[in-house]
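Undergrad: Spelled out, the chains give:
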Amino acid sequence: MKEGLWVVLFFFNGLVILYFLLLNGFYLATSLFAFGSLKRYAVRLKTLDLERFLRTGGAPPITLVSPAFNEEATLEEAVRSLLSLNYPEFEVLICNDGSTDRTLQVLAEAFNLEPVERVPMGDIPTAPVRRVYRSRRYPNLWVLDKENGGKADALNAGINFCRTAFFCAMDADTVLERDALLRIVRPFLEDSGTVAAGGIIRVVNGCKVRKGQVEEVGLPRNLLARFQVLEYLRAFLAGRMGWDALDSTLIVSGAFGIFDRALVVSAGGYSTDTVGEDMELVVRLHRYCRERGTPYRIGFVPDPVAWTECPETVKVLGRQRDRWQRGLIESLLRHRVMLLNPRYGRLGLLAFPYFFFLEMLGPLVESFGYLAFLATLLAGRASAVYVAAFLGVAFALGMVLSLSAVCLEELTFRRYPRKRELILLFFVGVLENLGYRQLNTYWRVKGTLSSLLGKGGWGVMARKGFESSGP
Amino acid sequence: MERMLAFTGTPFSDRVLLILVLLILVFLALALLLVGLTFLLRLRTERDARLWARLQSEWGPLLLEVLDDPDRLGVLWGRVREEDHLLFLEFILPYAQRMGGRELDTLRGAAEPFLPEVLHHLHHRQVGTRARAVQILGTLGLPGFVPEVKAAIQDPSPFVAAIAARLLAHGLGAEVAPDLCRSLSRFKAFRIWYLVDMVTAMGPDAIPVIRENLLSLDMPTRTRAVAAHALAALRDLGSADFASELALEEDDPELVAALLQLLSQVGTAKHAAAARVHLDAEEFFVKAAAIRTLAELGGEEDLPTLIEKLTDASAWVRMAAARGVYRLGGKGVLLALTGSRDPAAPLFRQVLAEEAGR
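Note that the protein sequences, when read in sequence, are chains W and V. Using the working numbering, the letters of the first sequence map in sequence onto residues 1 to 471. Using the working numbering, the letters of the second sequence map in sequence onto residues 1001 to 1358.
Some clues are possibly wrong.
As the list claims (entries may be wrong) - Examples of chain V residues lying across from chain W (beta carbon under 7 angstroms, computed):
1. 1022
2. 1023
3. 1027
4. 1031
5. 1044
6. 1131
7. 1270
8. 1315
9. 1347
As the list claims (entries may be wrong) - Restricting the straight-line Cα-Cα distance to at most 20 angstroms, the calculated cross-link-like pairs of lysine to aspartate or glutamate (EDC-like) are:
10. W/419 x V/1084
11. V/1331 x W/303
12. W/46 x V/1296
To be verified - Simulated restraints, written as ranges between beta carbons of each label pair:
13. V/1203 x W/136: 35 to 41 angstroms
14. V/1026 x W/315: 53 to 59 angstroms
15. W/22 x V/1037: 36 to 42 angstroms
16. V/1081 x W/22: 20 to 26 angstroms
17. V/1036 x W/293: 35 to 41 angstroms
18. V/1043 x W/110: 43 to 49 angstroms
19. W/337 x V/1241: 51 to 57 angstroms
Hints are computed from structural coordinates only; laboratory data are not their basis. Note that beta-carbon positions come from the ideal geometry of N, C-alpha and C, so glycine has one too.
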């Protein structure tokens, strides 16, 4: 009996090692693909003449759809930032999702809103829209006041009222760089099959924000926020860029992404019964197009930037990661038919299995792996040197992956101008392997368990406001 | 089994340990390499920034003088070292992209002696490098390097080809119309507006060639649709008659919608028949285009038909119909409907408010 248990443990340890090899193999592969892709992209980027593009037209009108729930602290600033975007023709549509604070009043006072008639052009079911407002001062600013239905529901309401061929889904607390739309729209012009594209999300904590624009980029003082700066760099520059090179983009961040409105309406809009509505929509669009044989592309563009505030406390960050994990699980389980299904091409055979086995089940394997290693070690069944060496490999590899993200950033966009910040990022890259990663695994396990137990909820993110983001 | 599980004291465990230690060393070396590489990249960036600052202080004031007095060109050239020729082109390119007329000619003159050095980049294996070379030649090298830029329309990369075509259209206008229109089918991946903008940029002198494209049955329908949209943007009144005939004959929805849009811009009452034919089209965008055209070209006799379309299944068609009703004098009808229990009443109120504000 006891021997049997050790055999199980032995094989489980083997599984953990296999998981480790596969996960890091994928990370290394995507980083390498990203490296080649970003290098080529940086050269191509030189040929982008934004001024001429802005002057000569050809850029499609876009509606920015931004759901807002209790955003009185940051919304005015965020809307001003949106209104100052460098783009020939766009509308801003704020969907007030039944806020219980002064969100609507703040908007009404700041932008001189008046009630107007505007009918929805789409028919995605949503909670009732009470009233539509338009700014007297900025004719391209619209506000939908609707009953609370959640973020996805608010986005759907915005899509229904959208009159342009493309919409940009974004978070109300996101600061878009002035030329972000001009940059992100490029793949839509160069490839008419493009139906969705996401830009890069960067952490605004530590940056100086004035009049809705990031004036000076800096690292946050808060260590948790610093970890996240590096995490975002790794996730976008190495991860998403790598997957894009493989034409297997499965996530377009809800904080900043452009979509073909007609296609999203046909596919039924955002799903309101998941907390990962952004990923779920992208996976569904893939399915929708593949199953109908429609040629399409969903991509990632690394230069248009959206700045977002990240959590600075363990509690809020934990809730966010728990929610992300639940969103991931819900999306993957809902579309599990794609798993290892050749009908979905590279997506079904590579990207989906990666997310399913390594991102979804990985945290469970990893955390039980820690326990199994510990048990094996305590029982004297494994050499402490061997376990330490294995953990040493994991640590060193984690460090390489983080440092490669800093290197990719330096190769391409160089947003952190001071050498001191580079050095800090390197330190963070070393430090995050000693606790932060394990904490993340814990949150993701919690998320997995909540998902399996059917627990939901978004949690609350206390906003500081952008002006106070400076170091 | 016991021994295997323990991973200790066996040759297997020693080998594993050795591999693990080696891996740690490799990864640590890689980490150090990445740190070193990042700092080298930073040093390169700083060196480039210093170089540009130096060139800016060296060439910037002189370039402004040259723009004011082209005779000072010799002095400027004297400051451009042999190894900086390509940098000089990079330096003046952004100025050229923002200037026109005499200033642009002066900048092109300033670039002339150095442009041949870019030519070999046109055959570089990297798309980005070829694209940049085309951009430099197409901005600073016209008309001298027209053959090279024209040849770039046939570049294996549609991205490079599109840059060449766009620069030629904006730089030379109608002169390149036949080449450009012939090459449009190369850009089938591109969004139609991008191509329409490119064709429209050639200006009214290119209209005869664009018309030929629209009329040619040998052209792909998408190219013809681009031509129709471009003629609409150029307000080519002379195209109304044949556009009307084509709209009656053609059945490709994208082309028909483009033709209807052209008619709405340049047509007259006698062309309204073409729009009426498509009022019951299967595709909502063709139907909406037909209604919009009829709203411009039609008369009171079309009002009942448009009122009928107020209950269409598509919101886009209903919107077009409500606007059409208003424009054909049916404001009273809409006013009456706003008071009714019709679920579309808010739409009618919206159209009334928007049309009144036009």
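Undergrad: For the hint 53 to 59 angstroms, verify it against the beta carbon of residue 1026 of chain V and that of residue 315 of chain W.
TA: Violated, since residue 1026 of chain V and residue 315 of chain W (Cβ atoms, about 39 angstroms apart) do not stay within the stated range.
Undergrad: Return the status of the interface hint for residue 1315 of chain V: holds when the least beta-carbon distance to chain W is below 7 angstroms, violated otherwise.
TA: holds (4 angstroms)
Undergrad: Take the C-alpha atoms of residue 419 of chain W and residue 1084 of chain V, compute the straight-line distance between them, and say whether it is at most 20 angstroms.
TA: Between residue 419 of chain W and residue 1084 of chain V the Cα gap is close to 28 angstroms, so the pair fails against 20 angstroms, i.e. violated.
Undergrad: Taking the beta carbons of residue 1036 of chain V and residue 293 of chain W, is their distance inside 35 to 41 angstroms?
TA: violated (49 angstroms)
Undergrad: Does the Cβ pair residue 1081 of chain V, residue 22 of chain W satisfy 20 to 26 angstroms?
TA: violated (54 angstroms)
Undergrad: How about residue 1022 of chain V: closest beta carbon in chain W under 7 angstroms, or not?
TA: violated (10 angstroms)
Undergrad: When you take the CB atoms of residue 1043 of chain V and residue 110 of chain W, is the distance between them in 43 to 49 angstroms?
TA: Holds, since residue 1043 of chain V and residue 110 of chain W (Cβ atoms, about 46 angstroms apart) stay within the stated range.
Undergrad: Check whether the Cα positions of residue 1331 of chain V and residue 303 of chain W lie no farther apart than 20 angstroms.
TA: violated (49 angstroms)
Undergrad: Closer than 7 angstroms between Cβ atoms is the bar; does residue 1270 of chain V clear it against chain W? Give me holds or violated.
TA: violated (31 angstroms)
Undergrad: Within 35 to 41 angstroms or not, the Cβ separation of residue 1203 of chain V and residue 136 of chain W?
TA: holds (38 angstroms)
Undergrad: Holds or violated: is the Cβ of residue 1347 of chain V closer than 7 angstroms to a Cβ in chain W?
TA: Holds: closest Cβ of chain W sits about 4 angstroms from residue 1347 of chain V, inside 7 angstroms.
Undergrad: Measuring from the C-beta of residue 1044 of chain V to each C-beta in chain W, is the shortest one below 7 angstroms?
TA: Violated: closest Cβ of chain W sits about 9 angstroms from residue 1044 of chain V, beyond 7 angstroms.
Hint compliance for this structure: hints 1, 5, 7, 10, 11, 12, 14, 15, 16 and 17 are broken, all remaining hints hold.
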